[in-house]
Each structure stands twice: as C-alpha cells, then as structure tokens.
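Engineer: Build the full structure now, drawing on both the sequences and the hints.
Listed below are the residues making up each chain.
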Amino acid sequence: MRIVVASGKGGTGKTTVATSLALVAAEQESVRFLDCDVEAPNAGLFLDPALDTRKEVGILIPQVDENICTYCGKCAEVCQFHAIAVIGKKTLVFPELCHGCGSCTLVCPEHAISEHLNVMGVLESGPAAQGIDFAQGVMNVGEPMAVPIIRQLKKWTPANPPAVEIRDAPPGASCPVVETIRGADFALLVTEPTPFGLHDLKQVVEITRELGIPAGVVVNRDGIGDNAVEAYCAESGLPILMRIPMERSIAEAIARGTTLVRAAPEYRSAFHSLLETITARAGA
Amino acid sequence: MKLAISISGNTLDSPFDARFGRAAAFCIVETETDEWRVFDNPALSASGGAGVQAAQFVARQGVGAVVSGAFGPNAFDTLAAAAIEMYLAPGNETRNVNEILEMFKAGQLTKAEAATHAGHHGGQH
Numbered sequence: 000m001r002i003v004v005a006s007g008k009g010g011t012g013k014t015t016v017a018t019s020l021a022l023v024a025a026e027q028e029s030v031r032f033l034d035c036d037v038e039a040p041n042a043g044l045f046l047d048p049a050l051d052t053r054k055e056v057g058i059l060i061p062q063v064d065e066n067i068c069t070y071c072g073k074c075a076e077v078c079q080f081h082a083i084a085v086i087g088k089k090t091l092v093f094p095e096l097c098h099g100c101g102s103c104t105l106v107c108p109e110h111a112i113s114e115h116l117n118v119m120g121v122l123e124s125g126p127a128a129q130g131i132d133f134a135q136g137v138m139n140v141g142e143p144m145a146v147p148i149i150r151q152l153k154k155w156t157p158a159n160p161p162a163v164e165i166r167d168a169p170p171g172a173s174c175p176v177v178e179t180i181r182g183a184d185f186a187l188l189v190t191e192p193t194p195f196g197l198h199d200l201k202q203v204v205e206i207t208r209e210l211g212i213p214a215g216v217v218v219n220r221d222g223i224g225d226n227a228v229e230a231y232c233a234e235s236g237l238p239i240l241m242r243i244p245m246e247r248s249i250a251e252a253i254a255r256g257t258t259l260v261r262a263a264p265e266y267r268s269a270f271h272s273l274l275e276t277i278t279a280r281a282g283a
Numbered sequence: 000m001k002l003a004i005s006i007s008g009n010t011l012d013s014p015f016d017a018r019f020g021r022a023a024a025f026c027i028v029e030t031e032t033d034e035w036r037v038f039d040n041p042a043l044s045a046s047g048g049a050g051v052q053a054a055q056f057v058a059r060q061g062v063g064a065v066v067s068g069a070f071g072p073n074a075f076d077t078l079a080a081a082a083i084e085m086y087l088a089p090g091n092e093t094r095n096v097n098e099i100l101e102m103f104k105a106g107q108l109t110k111a112e113a114a115t116h117a118g119h120h121g122g123q124h
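Sequence lines, in order, name chains D and F.
Take the first sequence: its letter number 118 is residue 117 in numbering that gives the first Met the number 0, and every next letter is one higher.
Take the second sequence: its letter number 109 is residue 108 in numbering that gives the first Met the number 0, and every next letter is one higher.
Note that these hints are calculated values from the structure, not bench results.
Ideal Cβ positions, reconstructed from N, Cα and C, are used throughout, including at glycine.
Some hints here could point you the wrong way.
Interface residues of chain D toward chain F, partial, derived using beta-carbon atoms under 10 angstroms [stated by the list, open to error]:
no., residue
1, 78
2, 80
3, 93
4, 98
Anything over 10 angstroms on all C-beta distances counts as not near chain F; from chain D, calculated [said to hold, decoys possible]:
no., residue
5, 125
6, 184
7, 268
Structural biologist: The following block contains the structure:
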C-alpha cells in the first residue's frame, strides 16, 4: 500500500505526520519511506537513516554530432521547450530547458543525436529507525526541475517490495506534488485550520480528485484559526481522520528532531487507528 | 542592414518593449530604406525557453542586429551564434520605435557584450 502525505501549504506538519505514521506502521509491517521533497528533504532528521547507498540521477539530454548534423532544424521544431536551437551552421542545446523527452533524437533523420545523462541530483537510501527502509532524493542546488528526480526515486524500489510505502510530498500544488501523488493508493492531506491552510488544501484535493486517489485530512495545530477547514471537509465529503492540537510541547519536540510518537507516546494508538482507516479506505 | 526592435504594438509610434523573449512584437526595419514591418513574437506565450524561441525567430528574418532592453543568457547565446549584434536601449522612460531607431542610427546605444541577467528557467513548475 502506497500512502502519500501532502498538504499544499508548507509547514503544516507533513513530515511530522509521515514520520510518525511510518514508525507506527513499522511496528507490524515492512515500511519503505520516500522523502520526495527533493528540494529540501528533512525526514531523515527524524528517522536517522544510515545512508549507505547512493545513485546519481538526472535526465538524458541530447548531444549533437556536428560532423553528421545537416542543420535541417527538425530537432528544434519538435522541441516544445525550445531546448535545442538551430542557427545557421550551429546547433545549440540548452540543458536547463530540456525535459529529457527524447523527441529530438527520434526525429533526427541523420541520427546525429545521442543522449547522455545530465546529473540533476542524487538518490540516497539506507536503514533507519524501527527497521524502516529509508530513501530520499536530493536535488542539486540551482537545478530547476524536481520531477525527474522524484520519478526516479519512486522507481528505485528494493528487490522485496515493502508492505507499506510512505511518501513525504513537497509543499505546494505544482508538478513535483502531482508526481509524488501519482500512483499512490491514498493521500493523507495535512492542513492547519487557517485561511492559508484551506486555500492550499483545496488545490491538493483537486489534484487527488483528478488522479482518482482517495483522500483524508489531518488537522494539525487544531484550535487555532477558524472553522472553515472543518466546513469545507464536511461539504466536500472529505473525512477528517486525525486532529493534533496546537501545543507548545509538540512544537519543541519537533524542533529538537524528535518524532511526534516518541515525544508524545499517547499518539501511538491514534496513528494505529489512522493506519487502519487508511487501509480500509484505500481498499474501498 | 535589417534591425529588429522589440515593441508592444504594431506601428512605428508604438512603445518600445524593454523585454526581449517576452516582447509583444518585433519591428524589423531596413536601416538603409526605413522600410519596416511588424511581426508578432511567437515566443510571447511560450511556457519556457522564450529567449531561445524569439532569438531563432529574429534570426530567421535575417536581421543583423537587435535592440531590446535586456537579453537573458539563452537569448544571448542564440543571437551570438547567429552573429546578430545586440544593443541595449533604456526602458526606464516611454519611447516609441522611431526614437529608438534614431538613437541606433546616431550610435547612442550600447552593445551588449554578455547576458544582462540570469535565466528565468521557465518550463514545468
């Protein structure tokens, strides 16, 4: 079962919920944890993995053999991202605009284009707390595209697939979030009861509906803000599966790098029932 | 020589557009005869790579020089590969294309020797 933890708004508690859910699930089953927030992965701070495996990842970008190229311009015409330009007797490639689709290589009548890996970041993995099989993507500073790294992180599966895969999503509601949610069996949406939390929650709910993935909500910092998240969930048939109150002691523990279930063990049973509910709803 | 000037409008009275890749249009003037024609910029609504696309477009029109307010790194490399000279005109006050043309002819515009700013990295987000 693949559970993705997303939020829309940043800082609502995705990693707080994802890491505790993983720890509780790992008490009974094999768990693989994927930190898909490749621009700023931080779940490792809580799960303490020994990262012993590493792999460079990126996209295949074109390399033009100027001895064969006839400057016909078909590659530049087919490229919808304008990553390749033919100017007179020169063919220019702009790696940071390339999405690695391979169309230029396919259409080149002279077979003058070969592809080589443009490294955009690394995948790292290793055993973490409670026997969790942990993996994260780390995008290189200055790279504009996170999706290829997330896509390869998702495919980087061990020989024995785990019983539960938990994906910690990036914030926002753009392509990297869509890629993280795609293919999941359930989306757990962590929000806070504020206008900002609600605004971004709605965007992520739209994504899960578009992808046909069942979703449920965790209200974090419950007690602040207003009742609008509550009203929205009720009217759109989104179940609120857990509430975590606004408590200074929780915030302090998280700031020290302690997981919620370690700092406040009374949440263990709540996370167990959350996992059961998700299993039931994902199968429905 | 053919000169391309980035503009927002479709006559010589139209205001100069200080953006290159995202200019609304290009006025292409034959500097010897003052004959001119306006072309919509095909890169205006590109999701990314607007500089590259706009540069390829003006290169196809056979221009020898371009006047704009700024050139990003990809536009600069593409125009340079086409041996098109790049000139910078100030975009801080409203000027029409006629005024820019006069400044160009009077040699009052600076040549861009490098990209004027970092890339925007358009595309997927």
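Engineer: Evaluate each hint against the coordinates.
Structural biologist: Hints versus structure:
1. 78: 8 angstroms, holds
2. 80: 5 angstroms, holds
3. 93: 5 angstroms, holds
4. 98: Holds. Min distance 7 angstroms.
5. 125: 30 angstroms, holds
6. 184: The assertion about residue 184 of chain D holds, with a minimum of 25 angstroms to chain F.
7. 268: 40 angstroms, holds
Hint violations for this structure: none, all hints satisfied.
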